[in-house]
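**Student:** Residue numbers (the UniProt record's numbering), protein chains in the order written: chain A, 1 to 298; chain B, 1 to 298; chain C, 1 to 298; chain D, 1 to 298; chain E, 1 to 298; chain F, 1 to 298.
These are computed hints drawn from the structure, not numbers from a lab. Being a predicted model, the structure only gives us computed values, none of them experimental. Beta carbons: idealized from backbone N, C-alpha and C, even for Gly. Please note: incorrect hints may appear among the correct ones.
Stated by the list, open to error - Stretches of chain F that chain A covers, calculated by requiring three or more beta carbons in the stretch to come under 8 angstroms of a beta carbon on chain A:
hint: 1; region: 118-128
hint: 2; region: 212-221
To be verified - Each pair of labels, with its calculated beta carbon distance range:
hint: 3; chain 1: B; residue 1: Q266; chain 2: F; residue 2: G222; range: 16 to 22 angstroms
hint: 4; chain 1: F; residue 1: K256; chain 2: B; residue 2: E96; range: 36 to 42 angstroms
hint: 5; chain 1: E; residue 1: E208; chain 2: C; residue 2: E242; range: 54 to 60 angstroms
hint: 6; chain 1: E; residue 1: E208; chain 2: D; residue 2: G222; range: 39 to 45 angstroms
hint: 7; chain 1: B; residue 1: D247; chain 2: C; residue 2: E260; range: 55 to 61 angstroms
hint: 8; chain 1: D; residue 1: Q267; chain 2: B; residue 2: E16; range: 57 to 63 angstroms
To be verified - So the derived list for chain A, only partly shown, Cβ under 8 angstroms to chain C, looks like this:
hint: 9; residue: S5
hint: 10; residue: G48
hint: 11; residue: S67
hint: 12; residue: G73
hint: 13; residue: T74
hint: 14; residue: G77
hint: 15; residue: L114
hint: 16; residue: Y115
hint: 17; residue: T122
hint: 18; residue: V134
hint: 19; residue: K256
hint: 20; residue: L257
hint: 21; residue: Q263
hint: 22; residue: R271
hint: 23; residue: A273
hint: 24; residue: G283
Protein chains: 6
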Amino acid sequence: MFFHSKRLQYTVRVGESNPGLANLMLEQFGGPQGELAAACRYFTQYLGEDDPGRKDMLIDIATEELSHLEIIGTIVGMLNKGAKGRLAEAAEEEAELYRSITGAGNDSHITQVLYGGGPPLTNSAGVPWTSAYVDTIGEPTADLRSNIAAESRAKIVYERLIALTDDPGVKEALGFLMTREVAHQKSFEKALYAIQPNFPPGKMPPVEPFSRIYYNLSQGPGDMQGPWNSEAHFTVKDQVEEVSAVDGGDGGFTVKLSAEEDQLVQQMARRTASDPQADPLTGADLGGGGLPPVPEKP
Amino acid sequence: MFFHSKRLQYTVRVGESNPGLANLMLEQFGGPQGELAAACRYFTQYLGEDDPGRKDMLIDIATEELSHLEIIGTIVGMLNKGAKGRLAEAAEEEAELYRSITGAGNDSHITQVLYGGGPPLTNSAGVPWTSAYVDTIGEPTADLRSNIAAESRAKIVYERLIALTDDPGVKEALGFLMTREVAHQKSFEKALYAIQPNFPPGKMPPVEPFSRIYYNLSQGPGDMQGPWNSEAHFTVKDQVEEVSAVDGGDGGFTVKLSAEEDQLVQQMARRTASDPQADPLTGADLGGGGLPPVPEKP
Amino acid sequence: MFFHSKRLQYTVRVGESNPGLANLMLEQFGGPQGELAAACRYFTQYLGEDDPGRKDMLIDIATEELSHLEIIGTIVGMLNKGAKGRLAEAAEEEAELYRSITGAGNDSHITQVLYGGGPPLTNSAGVPWTSAYVDTIGEPTADLRSNIAAESRAKIVYERLIALTDDPGVKEALGFLMTREVAHQKSFEKALYAIQPNFPPGKMPPVEPFSRIYYNLSQGPGDMQGPWNSEAHFTVKDQVEEVSAVDGGDGGFTVKLSAEEDQLVQQMARRTASDPQADPLTGADLGGGGLPPVPEKP
Amino acid sequence: MFFHSKRLQYTVRVGESNPGLANLMLEQFGGPQGELAAACRYFTQYLGEDDPGRKDMLIDIATEELSHLEIIGTIVGMLNKGAKGRLAEAAEEEAELYRSITGAGNDSHITQVLYGGGPPLTNSAGVPWTSAYVDTIGEPTADLRSNIAAESRAKIVYERLIALTDDPGVKEALGFLMTREVAHQKSFEKALYAIQPNFPPGKMPPVEPFSRIYYNLSQGPGDMQGPWNSEAHFTVKDQVEEVSAVDGGDGGFTVKLSAEEDQLVQQMARRTASDPQADPLTGADLGGGGLPPVPEKP
Amino acid sequence: MFFHSKRLQYTVRVGESNPGLANLMLEQFGGPQGELAAACRYFTQYLGEDDPGRKDMLIDIATEELSHLEIIGTIVGMLNKGAKGRLAEAAEEEAELYRSITGAGNDSHITQVLYGGGPPLTNSAGVPWTSAYVDTIGEPTADLRSNIAAESRAKIVYERLIALTDDPGVKEALGFLMTREVAHQKSFEKALYAIQPNFPPGKMPPVEPFSRIYYNLSQGPGDMQGPWNSEAHFTVKDQVEEVSAVDGGDGGFTVKLSAEEDQLVQQMARRTASDPQADPLTGADLGGGGLPPVPEKP
Amino acid sequence: MFFHSKRLQYTVRVGESNPGLANLMLEQFGGPQGELAAACRYFTQYLGEDDPGRKDMLIDIATEELSHLEIIGTIVGMLNKGAKGRLAEAAEEEAELYRSITGAGNDSHITQVLYGGGPPLTNSAGVPWTSAYVDTIGEPTADLRSNIAAESRAKIVYERLIALTDDPGVKEALGFLMTREVAHQKSFEKALYAIQPNFPPGKMPPVEPFSRIYYNLSQGPGDMQGPWNSEAHFTVKDQVEEVSAVDGGDGGFTVKLSAEEDQLVQQMARRTASDPQADPLTGADLGGGGLPPVPEKP
């Protein structure tokens with residue numbers, strides 16, 4: 001179970017109200033690479049995990065991500081605090097208030113009008129957070145790779161946010177959060193490679209030779225060679241007959257239907273057949289102008 | 001630009017109509033780990049990529065994933081073909097048709113009633129595909145890790161689907177698709193490590209010592225040690241004073257408000273203050289029964 | 001910040017594997033009335049709250065809801081544990097495994113095929129959780145009412161789940177969770193009524209007499225009187241002239257356009273006008289059969 | 001403004017409780033082709049429409065669709081009525097109740113557990129209704145075509161639902177609803193063709209000759225000719241050089257960057273370049289087993 | 001299966017970096033009327049189609065729409081290229097970078113902060129693409145009408161985008177894309193009318209006389225006559241008794257419940273009845289101020 | 001069934017075109033607290049309600065909310081009218097039109113480019129309306145509380161919008177709409193308290209003593225006392241041993257597996273175990289630079 005301490009994991013000192021910057025920060029609060037996504041990702045893996053070591057690690061990190069969600073949410077709240085008071089008390093003239101709401105040039109208007117200046121679980125475009133962002137599938141060698149990737153992405157988004165603010169307190173707290181993604185990535189890497197073998201993931205072996213072929217399906221002047229399709233590891237196929245119907249069949253598709261099904265499918269086909277010989281008058285003809293008068297349907 | 005050949009990349013031979021199995025297959029058609037997600041992932045990266053080698057690889061694989069989308073969609077179409085004719089032509093008695101629609105025990109009813117037996121871009125629960133599944137962020141060391149993870153997840157879901165069917169033609173085609181995920185993972189791994197350095201991702205260095213600390217935030221009997229928190233690589237912190245306010249501050253949060261903002265925020269606070277001394281009668285009291293008659297509001 | 005203890009808030013003892021029941025339990029894990037929604041609701045209010053008493057209460061309860069999320073997620077994990085092993089190790093014949101996956105008669109197939117038996121953040125129909133469920137708007141008298149309502153709804157959904165299971169351990173844990181919703185509702189009621197006045201919510205007064213009128217817009221044999229439209233508190237209006245254009249105007253709508261705008265709007269209107277005198281031949285006529293041959297467009 | 005009469009537009013007589021059938025009916029209540037989508041579609045067009053004739057038609061039909069929403073919702077409510085009482089009063093043993101909830105073989109469990117037997121605004125898979133289903137774009141020749149198509153789709157889904165029930169009262173009411181879609185389609189066709197010209201939609205003329213070319217981009221044994229690509233109306237292009245870079249350019253893509261932008265883009269390219277000559281050791285190699293001992297990083 | 005050529009279908013020449021314009025262009029990349037929606041629409045119809053002519057046409061056009069997705073995505077990428085380098089390399093001072101990110105006045109901030117300047121599958125408001133936009137239902141006369149409407153809508157959105165840019169290269173490429181929607185609409189019209197009859201769509205005949213009635217449900221000064229409700233084709237009903245309970249019944253609703261169901265439903269009704277005679281004290285009374293002291297619950 | 005009168009419930013007089021203000025108004029058209037949500041909430045409750053008095057009230061108010069949807073939608077349409085003509089007729093130079101589209105500083109660009117100036121069912125950030133906003137669960141004491149809360153929230157959002165505009169006609173119409181939320185809240189309060197008892201909601205009694213305990217899970221300097229955790233009504237628990245495993249168990253979790261399940265779960269655990277003693281080389285090590293040459297996998 002969870003406990004909470006009123007001390008943040010990292011002290012937040014914000015220089016001044018700035019609802020436009022607050023809106024950008026939402027990306028790491030309720031955005032796809034943000035802290036709620038991270039916490040939910042590791043928490044659901046923790047619940048489904050049976051390995052005692054990984055289970056412990058997952059909940060340690062999930063709990064930390066919740067603490068980070070609190071830090072970034074606190075930053076959003078502080079940046080919005082002045083604007084919140086201004087709208088709740090409607091202190092200014094309407095026209096001035098309108099300008100201050102819409103003038104930030106991003107989506108801060110929705111944070112204020114709909115969410116009252118509190119930190120909503122949306123990204124910086126106001127899109128609600130969805131668990132479709134959480135890609136946990138309940139298999140450790142896949143989930144750990146997903147975690148490694150997620151930490152990388154979060155690190156980059158923090159980097160972008162740091163580049164956008166010159167408020168020293170915000171910058172410093174974001175630097176801490178960015179760095180912790182690096183630490184978490186290291187832990188997940190260790191956990192992945194402590195499972196041996198971990199590649200290919202899962203239990204079923206590949207069907208050979210298909211795991212050692214590279215299909216060069218985009219051709220033309222930009223064709224390149226690199227380690228991803230090098231002869232040392234891959235056979236490159238680029239001729240049409242080599243890349244299609246690779247099972248040696250005809251590349252077609254069939255299903256065995258029962259006699260009744262077959263009869264019904266054919267009946268449906270006849271009923272809805274297009275006549276390839278027709279040159280029918282169409283709605284576009286009727287609407288295109290220039291058509292001679294047409295007789296009414298009797 | 002794209003071209004299409006009427007030959008599939010892998011021949012599809014389905015043994016018999018089975019809308020319940022068709023519904024499960026949707027997981028890899030319009031599900032989060034499915035082929036549309038894969039194709040969109042690599043195609044959007046291709047469009048944003050400037051490195052000529054990676055750009056070529058990304059479009060090769062994106063094009064192949066589109067061809068896989070066609071294979072899995074063809075399997076769905078074949079498995080649904082008999083049921084489609086049956087409902088379109090309404091050949092059976094209503095009660096029998098109702099039983100066949102709802103009897104499969106999963107969500108195949110929606111594939112038939114709403115989508116007419118065609119392959120819809122939903123997962124096996126009927127949830128529409130969303131680009132929220134696509135985690136491309138436009139930085140190659142992050143995106144390649146995301147691709148590696150995505151291929152791992154797709155491999156596992158195919159493995160589960162293979163375990164669920166005894167139709168040899170379906171099994172064989174799924175085996176091909178599963179194997180190609182392994183091949184793609186290998187290519188993405190090569191591409192990632194051909195960027196040096198690629199860790200930590202991005203450009204900004206971590207703020208030390210925070211990248212070398214492990215915060216043990218879940219404590220109790222299940223506490224474990226492993227490579228993810230080993231002394232060789234991490235300093236483990238588990239005392240309350242070590243894990244909170246790690247910047248050395250007070251763990252609080254502040255913002256500097258202008259005098260006007262401050263006054264408005266305080267005015268709002270006064271207006272909406274809760275009286276901690278009150279013991280107010282509440283709605284729950286009014287609804288809980290047993291209350292003596294209360295005087296009307298004058 | 002958050003801490004975690006490996007002891008649950010309430011001990012979970014599940015009698016036997018039951019993925020169908022696990023699927024129903026998801027309603028309170030990742031469903032709209034579930035524990036993630038509750039935790040996020042109170043946590044975001046906590047971040048935006050300035051009143052010290054309410055702020056403390058909100059984080060106390062948010063932290064408890066996270067602990068409840070852990071309990072219900074643990075129940076899901078336990079109920080799915082056997083099925084998870086069965087699919088991961090593919091121990092049975094495919095046909096038998098297929099029957100066990102699709103035979104539960106609800107959406108447990110997706111929990112297993114897509115999420116590998118772990119507890120996903122979806123409701124019992126497999127719909128991903130969305131923060132659109134969180135109705136926090138950053139005003140305490142509204143948010144506290146939202147919380148009171150949310151606790152009521154959660155209480156009812158737990159009641160339904162309890163009615164559906166005869167596993168004593170599951171029943172007991174659900175009874176605890178249901179009861180805590182009652183306790184939380186009581187606290188939120190106290191906090192709401194400790195703000196005085198709290199009705200009408202917000203700062204702007206109603207425009208009278210409109211707050212004391214009841215518009216009887218559905219008329220006919222089922223028309224009823226009750227406290228919600230009683231003469232003691234409301235003036236009932238039910239004549240057409242009383243209920244429309246209640247401002248005394250003509251019920252129309254106007255906007256003052258600039259001369260340039262007006263000219264453009266009129267130009268657009270002319271360009272897209274429908275001729276009310278026409279009896280045009282239409283696409284439906286072309287498709288309805290029985291039409292005499294129509295001349296080709298020259 | 002709207003008024004309501006307690007008499008339905010069509011009398012609803014349901015033969016017996018059937019929550020499984022109720023669930024299928026949701027398709028036309030809160031599904032993409034259902035009555036809420038229809039009502040919202042025409043209502044939003046009505047609000048944006050300036051042509052007095054079309055404006056009148058749109059609100060007539062929007063109002064009727066709301067009345068249809070009421071009919072289909074009433075059918076759902078009646079079909080669920082018995083099950084609602086059963087769960088609310090928890091009259092049966094848990095095991096029996098569980099069987100009755102999950103035994104219908106579709107998604108009726110969610111209607112009951114989450115929505116308490118009321119008609120929720122979801123489709124038959126429990127997916128919440130979204131205005132993403134409403135394709136109004138505010139241009140009459142496009143919107144009227146969208147309406148014609150929407151009425152066609154709704155007609156078909158009703159046809160499928162009618163085929164699935166043998167309850168005479170339900171069948172009769174559905175027959176009425178299905179027929180009204182036909183009537184509405186006829187009205188929208190008339191309204192479209194009463195605008196002349198209406199093709200191509202909008203104001204800008206096509207760039208010739210591109211509106212008269214058919215690009216045959218899928219080639220192979222199934223290539224067909226029909227009115228959609230006939231020589232009478234189209235020039236068919238099927239040679240690679242005819243179908244790509246059709247503007248006569250090189251098919252490439254360029255942007256003029258400022259000197260500063262160019263320098264930054266090149267710097268980013270260098271920093272993230274993949275070395276095409278490398279054959280790096282990768283994560284997959286580390287996880288694949290069989291690797292000789294590797295030296296520790298010093 | 002698909003193949004890719006590195007030459008675009010239409011050469012893209014962008015005059016200068018412009019992330020604000022890039023953001024608007026997203027409407028046709030990942031928006032509801034955009035090219036991904038078009039490609040998915042025709043591709044899923046192709047998979048479910050049995051008529052050989054239509055099947056060929058659908059995949060020809062689906063493949064072309066993928067090629068258009070590439071063109072519009074390339075335009076987005078080029079327009080964002082400078083901004084991407086600027087943020088990735090963080091070349092400017094933070095304050096200046098912040099201004100350039102938020103200054104465009106639309107949602108370009110999210111394209112840059114979250115997606116790194118690559119083209120994301122969202123619309124111009126940052127809303128993720130969803131297959132809820134794809135209205136394929138697996139019946140050709142409905143689906144072809146949906147396609148005709150979709151092409152009309154796409155044509156209009158391109159027209160609006162063309163009106164917004166003065167970059168000649170962008171304008172020219174958009175003109176090509178707009179024109180191809182016209183060509184596709186013509187093909188789909190031909191394919192629809194080559195099915196005879198195609199109206200009413202589907203197999204079941206309408207229930208007469210309901211297909212020939214127009215219900216005038218919105219009444220008042222703006223009532224109009226036009227071809228959509230003309231006497232030549234429709235009987236107009238506008239009297240209350242003519243438009244409600246049109247089956248001749250009482251407009252009520254009934255369900256036959258079993259004795260047990262009936263008893264449970266009545267028990268539930270009694271338990272939750274509202275007392276129409278009550279004038280209860282309410283929560284609003286408690287919060288409205290001015291209430292005399294109320295006695296404590298004993 | 002529904003009827004419509006062409007007179008609005010409240011006359012709308014808009015002073016001038018203002019697409020930026022129109023965009024903010026969308027919050028109450030297609031936003032979570034807006035009129036569509038309100039109408040759908042009460043309409044679905046009406047359909048599921050059996051109590052004749054509440055049923056009448058619900059449809060009276062649902063019908064009024066539809067009339068309010070029409071008012072707010074009309075305001076949006078009027079505010080957008082000039083901009084709509086400007087873009088449809090493309091009267092200005094492109095650069096000027098671009099500036100007017102993107103210059104409003106909020107999301108008005110999408111209303112214009114995608115929706116053509118009509119009122120779309122989105123919120124002010126362009127997020128499509130979803131029935132996930134509708135929290136009806138089919139139990140009257142919960143649903144009435146949800147309605148009370150919803151009216152409160154809507155009142156506040158109107159208050160914010162009123163503060164943002166100085167157009168007298170818009171301000172007046174919004175004042176009417178705001179006030180009606182107050183009236184509706186009063187009616188719903190009366191209806192709730194006319195059910196006795198209504199607390200706790202539903203039928204099952206709480207499990208005591210858990211309804212009378214307050215768990216103080218967030219501790220530290222900000223700990224407060226108030227009516228929500230006062231000794232008069234709650235026992236406060238704040239010691240670790242008092243707040244965890246409150247059932248007196250060990251706080252653990254167990255499930256009884258069959259022998260076969262147990263064996264499979266153990267097999268899976270062994271196959272995917274992490275070796276806690278390992279110090280494996282990881283992908284991060286490979287990417288971090290500074291690694292000595294590693295031998296190729298043979």
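**Student:** Give a verdict on every hint.
**Tutor:** Results of checking the hints against the structure:
As drawn, the region 118-128 of chain F meets chain A at 5 residues by the rule of a beta-carbon pair under 8 angstroms; at three or more, the given contact holds. By the rule of at least three residues with a Cβ nearer than 8 angstroms to a Cβ of chain A, the coverage given for the region 212-221 of chain F holds, with 5 such residues. Restraint check, Q266/B to G222/F: a C-beta distance of roughly 18 angstroms satisfies the suggested window 16 to 22 angstroms. Between K256/F and E96/B the beta carbons are some 40 angstroms apart, a value that agrees with the proposed interval 36 to 42 angstroms.
For E208/E and E242/C, the hinted distance range of 54 to 60 angstroms is not satisfied, since their beta carbons lie about 40 angstroms from each other. About 41 angstroms separates the C-beta atoms of E208/E and G222/D, a value consistent with the hinted range of 39 to 45 angstroms. In this structure, D247/B and E260/C meet the distance hint of 55 to 61 angstroms, their C-beta atoms being roughly 58 angstroms apart. Take Q267/D and E16/B: their Cβ atoms lie about 59 angstroms apart, and the range 57 to 63 angstroms holds.
Checking S5/A against chain C: minimum C-beta separation of about 6 angstroms stays under 8 angstroms; hint holds. Because the beta carbon of G48/A sits about 3 angstroms from the nearest beta carbon in chain C, less than 8 angstroms, this interface hint is met. With 8 angstroms as the threshold, the beta carbon of S67/A comes within range of chain C, its nearest partner Cβ sitting at about 4 angstroms, so the hint holds. Given the 8 angstroms rule on beta carbons, the hint for G73/A holds: about 4 angstroms separates it from the nearest Cβ of chain C.
The interface hint given for T74/A holds, since its Cβ lies 6 angstroms from the closest Cβ of chain C, which is under the 8 angstroms cut-off. For G77/A, the interface hint holds, the least distance from its beta-carbon to any beta-carbon of chain C being 5 angstroms, beneath 8 angstroms. Interface restraint check: L114/A against chain C, minimum CB-CB distance 7 angstroms, threshold 8 angstroms, status holds. Satisfaction of the interface hint for Y115/A is found here, the shortest Cβ-Cβ separation to chain C being roughly 5 angstroms, below the 8 angstroms cut-off.
Here the hint on T122/A is kept, as its CB sits about 7 angstroms from the closest CB of chain C, short of 8 angstroms. The criterion of a C-beta within 8 angstroms of any C-beta in chain C is met by V134/A, whose closest approach is roughly 6 angstroms, and the hint holds. Taking 8 angstroms as the C-beta contact cut-off toward chain C, the hint placing K256/A at the interface is violated, the least distance being around 17 angstroms. Residue-level restraint check for L257/A is violated (minimum Cβ-Cβ distance to chain C is 20 angstroms; threshold 8 angstroms).
The beta carbon of Q263/A is not positioned within 8 angstroms of any beta carbon in chain C (closest approach about 25 angstroms), and the interface hint is therefore violated. A distance limit of 8 angstroms between C-beta atoms decides the matter here; for R271/A the minimum to chain C is near 13 angstroms, and the interface restraint is violated. Evaluation of the A273/A hint against chain C yields a violated restraint, the C-beta minimum of about 14 angstroms exceeding 8 angstroms. Annotation: interface hint on G283/A holds; nearest CB of chain C at approximately 4 angstroms, less than 8 angstroms.
Figure legend: structure checked against the earlier numbered hints; hints not met, in rising order: 5, 19, 20, 21, 22 and 23.
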